[in-house]
Amino acid sequence: MSAIIVLTPVIIANWPAITAAVAGAASAMGLLVKESISQAVEEKQSNVERNVEVELSDSKVLMESMATDQEIVLTKGDIELRVKRDERGRCSVCAKGTGHSEAEMKQIAEEFTGKLTQCFVYDKVMRELKRKEFQVVNEEVMEDESIRIHVRRWVD
Amino acid sequence: MAQHEVEITISKTGEVKFHIKGAKGKSCMAYSKWLTGIIGKVKDRQLTSEYYEPDIKTRINLEQNLKTEE
Chain A
274 MSAIIVLTPV IIANWPAITA AVAGAASAMG LLVKESISQA VEEKQSNVER
324 NVEVELSDSK VLMESMATDQ EIVLTKGDIE LRVKRDERGR CSVCAKGTGH
374 SEAEMKQIAE EFTGKLTQCF VYDKVMRELK RKEFQVVNEE VMEDESIRIH
424 VRRWVD
Chain B
5 MAQHEVEITI SKTGEVKFHI KGAKGKSCMA YSKWLTGIIG KVKDRQLTSE
55 YYEPDIKTRI NLEQNLKTEE
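In order, the protein sequences belong to chains A and B.
Going by my numbering, the first sequence opens with residue 274, and the numbers climb by one from there.
Going by my numbering, the second sequence opens with residue 5, and the numbers climb by one from there.
There may be inaccurate statements among the hints.
Lysine to any residue pairs mimicking SDA-like chemistry, simulated, CA-CA at most 25 Å apart [said to hold, decoys possible]: (1) A:Lys405 x B:Ser31; (2) A:Lys397 x B:Ser53; (3) B:Lys16 x A:Glu375; (4) B:Lys37 x A:Glu326; (5) B:Lys21 x A:Lys369; (6) B:Lys21 x A:Gly387; (7) A:Lys349 x B:Glu11; (8) B:Lys21 x A:Glu375; (9) B:Lys16 x A:Ser374; (10) A:Lys369 x B:Gln7; (11) B:Lys45 x B:Glu11; (12) B:Lys37 x A:Glu383; (13) B:Lys37 x A:Ile285; (14) B:Lys16 x A:Ile285; (15) B:Lys16 x A:Asp429; (16) B:Lys45 x A:Lys369; (17) A:Lys405 x A:Asp417; (18) B:Lys47 x A:Arg421; (19) A:Lys403 x B:Ser53; (20) B:Lys25 x A:Glu418; (21) B:Lys30 x A:Glu375; (22) B:Lys25 x A:Met415; (23) B:Lys30 x A:Glu416; (24) B:Lys21 x A:Ser374; (25) A:Lys369 x A:Gly387; (26) B:Lys45 x A:Arg425; (27) B:Lys16 x A:Val346; (28) B:Lys45 x A:Tyr395; (29) B:Lys37 x A:Glu384; (30) B:Lys16 x A:Trp427; (31) B:Lys21 x A:Asn324; (32) B:Lys21 x A:Asp417; (33) B:Lys21 x A:Asn411; (34) B:Lys47 x A:Gly387; (35) B:Lys21 x A:Arg421; (36) B:Lys16 x A:Arg400; (37) B:Lys16 x A:Val428.
These are calculated hints, taken from the structure and not from any lab test.
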């Protein structure tokens, strides 16, 4: 053993990279990509609607190739998640739905932001490992939903 | 040739744990710097005894020097 390092991710990316991670997280959680806000038709709900917003604290969405009103809308049943760039340039997830408590909505939003971060980090790590010519020995998804990757390379 | 291995665990919240094996001293430090650069902030770091061992090249040179002195 040489060293064990635990890192907290910082997400700095352009919108296409965020979109790719959102698609991965949505797929893992069984969410459907509805449409972008520019095409969305607002639906009036008669029941009590709750709205919870969770921000990815260490994130920065780069402005290049992104319009200010751009966001991704995901749905699962009566829950709607909106992923967008907020005024401060951070990535935020807003959960909206009827028939759920605020705590439930917050849990869903947090679960999604976690999965989004995991997908983003996975893509970035795999790209960098490939660039450094590491070979993947093993890769598996554990029971606690973590991803374990074992890589190796020979050096002079 | 030395074999360097890395075990990576990405938690469901995105936190990443790297376990670097086989790299010693400066090369281990280089991995640490590289990984921090691509991921983010260091939350915790544990250096093991192998970290403090000299690299293979350094060890060979030291052995050669000792033989020369004899």
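Violations among the numbered hints: The structure conflicts with hints 2, 4, 5, 7, 8, 10, 12, 15, 16, 17, 19, 21, 23, 24, 29, 30, 31, 37, although it agrees with all the remaining ones.
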